[in-house]
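In the order they appear, the protein sequences are chains G and F.
Taken in order, the first sequence gives residues 1 to 285; the numbers are from our numbering.
Taken in order, the second sequence gives residues 286 to 629; the numbers are from our numbering.
Among these hints, one or two may not hold up.
[As the list claims (entries may be wrong)] Where chain G lies over chain F, by a calculated footprint (3+ residues, C-beta under 8 Å):
#, segment
1, 359-369
2, 376-383
[Said to hold, decoys possible] Computed cross-link-like contacts, BS3-like style, restricted to lysine-lysine with a CA-CA straight-line distance of at most 27 Å:
#, chain 1, residue 1, chain 2, residue 2
3, F, K337, F, K500
4, F, K482, F, K500
5, F, K337, G, K142
6, G, K144, F, K337
7, G, K142, G, K206
8, F, K620, F, K482
9, F, K491, F, K620
10, G, K145, F, K337
11, G, K258, G, K281
[Unchecked claim] Footprint (simulated), chain F over chain G, 3 or more residues, beta carbon under 8 Å:
#, segment
12, 114-123
13, 137-146
14, 168-177
Everything labelled a hint here was simulated from the structure, so no lab data went into it.
Note that CB positions come from ideal geometry on N, CA and C, so glycine has one too.
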Amino acid sequence: MENLRPRNLRASNVSLAMRAWNIRRKALLMGEVQGQGYIGQALGIADVLAASYFHALEYRPEDPEWEGRDRFYLSIGHYAIALYAVLMEAGILPEDELQTYGMDDSRMPMSGMASYTPGMEITGGSLGHGLGIAVGAAMGLKRKKSPALVYNLMSDGELGEGSTWEAAMSAVQHGLDNLVCLVDFNDQQADGRTTDALARVPEEAKWAAFGWHAQRVDGNDLEAVVAALDAARNLAGARPRVIIFDTTMCKGVDFLEKREITHFVRVEADEWAKALAVLEKGKPS
Amino acid sequence: MTLASMARKYEPRKPVQGDKVATSAMIASLAAEGYDTVSAPFGHALVDLARKDERIVGLTADLGRYTDLHILAEAMPDRFYQMGMAEQLLMSAAAGLAREGFLPFATTYAVFASRRAYDFIAMAIAEENLPVRIACALPGLTTGYGPSHQATEDLAIFRGLPNMTIIDPCDADDIRGMVPQIAAHDGPVYTRLLRGKVPTVLTRHKPDYRFRLGKAQMIREGRDVLVVASGIMTMRALDAAAVLAADNIDVAVLHVPTIKPLDTATILEEAGRGGRLVVTAENHSVNGGLGEAVARVLLTNAVTPAFRMIGLPDEFLEAGALPTLHDMYGLSVAKVAEQIRGWL
Numbered sequence: 001m002e003n004l005r006p007r008n009l010r011a012s013n014v015s016l017a018m019r020a021w022n023i024r025r026k027a028l029l030m031g032e033v034q035g036q037g038y039i040g041q042a043l044g045i046a047d048v049l050a051a052s053y054f055h056a057l058e059y060r061p062e063d064p065e066w067e068g069r070d071r072f073y074l075s076i077g078h079y080a081i082a083l084y085a086v087l088m089e090a091g092i093l094p095e096d097e098l099q100t101y102g103m104d105d106s107r108m109p110m111s112g113m114a115s116y117t118p119g120m121e122i123t124g125g126s127l128g129h130g131l132g133i134a135v136g137a138a139m140g141l142k143r144k145k146s147p148a149l150v151y152n153l154m155s156d157g158e159l160g161e162g163s164t165w166e167a168a169m170s171a172v173q174h175g176l177d178n179l180v181c182l183v184d185f186n187d188q189q190a191d192g193r194t195t196d197a198l199a200r201v202p203e204e205a206k207w208a209a210f211g212w213h214a215q216r217v218d219g220n221d222l223e224a225v226v227a228a229l230d231a232a233r234n235l236a237g238a239r240p241r242v243i244i245f246d247t248t249m250c251k252g253v254d255f256l257e258k259r260e261i262t263h264f265v266r267v268e269a270d271e272w273a274k275a276l277a278v279l280e281k282g283k284p285s
Numbered sequence: 286m287t288l289a290s291m292a293r294k295y296e297p298r299k300p301v302q303g304d305k306v307a308t309s310a311m312i313a314s315l316a317a318e319g320y321d322t323v324s325a326p327f328g329h330a331l332v333d334l335a336r337k338d339e340r341i342v343g344l345t346a347d348l349g350r351y352t353d354l355h356i357l358a359e360a361m362p363d364r365f366y367q368m369g370m371a372e373q374l375l376m377s378a379a380a381g382l383a384r385e386g387f388l389p390f391a392t393t394y395a396v397f398a399s400r401r402a403y404d405f406i407a408m409a410i411a412e413e414n415l416p417v418r419i420a421c422a423l424p425g426l427t428t429g430y431g432p433s434h435q436a437t438e439d440l441a442i443f444r445g446l447p448n449m450t451i452i453d454p455c456d457a458d459d460i461r462g463m464v465p466q467i468a469a470h471d472g473p474v475y476t477r478l479l480r481g482k483v484p485t486v487l488t489r490h491k492p493d494y495r496f497r498l499g500k501a502q503m504i505r506e507g508r509d510v511l512v513v514a515s516g517i518m519t520m521r522a523l524d525a526a527a528v529l530a531a532d533n534i535d536v537a538v539l540h541v542p543t544i545k546p547l548d549t550a551t552i553l554e555e556a557g558r559g560g561r562l563v564v565t566a567e568n569h570s571v572n573g574g575l576g577e578a579v580a581r582v583l584l585t586n587a588v589t590p591a592f593r594m595i596g597l598p599d600e601f602l603e604a605g606a607l608p609t610l611h612d613m614y615g616l617s618v619a620k621v622a623e624q625i626r627g628w629l
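Using the sequences plus the hints, can you model the full thing?
Next comes the structure, spelled out in structure tokens:
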């Protein structure tokens with residue numbers, strides 16, 4: 001099965017920092033198209049997505065359903081804007097469809113759905129679903145003796161869903177060492193801070209107590225993100241792996257970062273261009 | 286303060302005099318006097334299929350023994366997943382396995398699938414039209430344990446779900462016939478399940494009967510009444526028809542094991558013949574099940590025979606012995622016959 005996974009698939013001179021910057025820019029452009037979007041989350045998770053798609057994951061852009069690919073599940077449907085950005089950056093979605101974001105008949109609806117978008121593996125949005133589906137997929141890949149991994153990207157808010165913990169227990173029970181759970185910990189959910197709702201006990205301790213290999217790193221530090229993804233992939237032992245990424249909402253656009261952060265960051269009509277200009281100044285050399 | 290709905294628990298009871306009727310076991314054996322039974326037809330049919338098709342896997346949420354999936358677990362342990370007491374996970378994991386090319390059969394009780402795991406069935410399975418088969422024991426009123434285990438609204442819940450095929454089998458003939466057909470179906474399926482010693486009913490009344498997915502079939506012809514029934518109520522209707530025949534009431538029984546998609550052509554043809562009272566009979570609430578589905582088909586096609594429904598009331602049902610409860614709620618043979626006689 002080794003021939004399914006050429007590791008140098010995306011040998012490229014483009015730095016991860018540049019990839020992350022491109023993802024942020026595309027997300028802002030999509031936000032501008034609709035005048036709205038979960039831009040705070042997209043800017044916050046851009047580094048994790050860049051490292052995932054341009055360092056960790058195996059896939060073939062021209063064949064999104066290639067059997068040997070690593071599966072990337074977006075449990076948080078509202079992060080679709082961020083995933084579309086990275087799918088375009090990766091060449092899975094054509095860039096010229098960016099202007100269709102959220103429009104009628106678009107392949108990029110506001111919330112991610114499997115039947116609309118190449119590279120969108122599952123229908124997210126009803127929170128707490130991704131990890132359980134990932135458990136089943138990881139069991140299925142083991143049945144097929146596939147070396148592919150399943151990555152499930154979820155939000156800190158989903159840690160409040162009981163189904164997440166049903167799945168967490170099950171992944172250990174079934175020895176799913178081919179499962180990597182990525183948690184975006186931006187400490188923000190619809191009604192306020194996640195740590196004020198159901199996440200008071202430190203998350204890494206919870207996951208470790210459930211039997212997972214748990215890491216917690218700065219999700220906006222690319223080197224740390226890459227190291228954590230490597231450690232998760234290379235870990236020996238039949239345990240599932242979780243990486244909790246502490247991220248900053250709106251990362252990379254300082255005036256939005258400083259704004260009173262809410263789950264759905266309001267951006268005025270004239271601010272999209274301003275945000276793009278701010279981002280431009282921070283373009284990696 | 287005692288709520289009005291709680292008042293009766295403070296009324297002392299006296300021991301029953303005479304014959305005692307015990308609360309049936311959790312896994313109620315249906316009163317099906319006079320019929321031969323088959324042991325665990327679902328489990329054995331699934332094993333037969335799994336031997337031919339390596340994509341078949343079985344999953345349960347701590348109810349393998351109570352859904353006959355233990356037959357698969359014992360015969361082919363490598364094809365069985367014990368997911369623990371976690372129904373949301375059960376459905377999600379089945380979806381994940383289906384995504385990877387397998388044909389999962391997920392089993393639990395009908396109450397838990399329809400109530401607890403609904404969102405996971407809706408979004409992880411049905412919305413993506415994945416080939417997951419959900420097979421659930423204790424349908425309708427088949428246990429005396431009370432509402433926690435009585436799935437009286439499962440068909441109504443799943444009828445509202447696009448893409449979902451829904452089956453309410455009558456007996457071991459239906460179950461054995463259905464397993465390979467639902468496995469071959471392209472899309473999700475919810476089927477009610479009878480487990481343990483399951484009666485063989487349909488081939489006794491109609492020797493050449495074979496389950497056909499999506500098809501309603503006449504089991505018994507009759508001039509006066511047409512009973513349109515599903516699940517165990519087809520058995521009740523056939524037995525009631527024999528009782529009524531003694532009174533020169535000639536009852537036809539149309540068996541409709543596939544609730545969705547409904548075989549509207551056959552229903553319209555039979556109900557449209559005229560001159561017969563049409564009675565639906567279902568082991569389910571009168572809200573949202575077979576009866577209302579048939580009523581819609583008839584009305585929207587301007588077929589308007591005299592029409593009545595036999596089904597469970599819009600209530601949380603009592604606990605107690607199953608024969609008592611079937612009598613109380615009108616599902617026993619005697620009560621089915623009595624209701625039909627009263628409508629003529």
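Checklist entry - Which of the numbered hints above does this structure break? => result When the structure is compared with the hints, none of them turns out to be violated.
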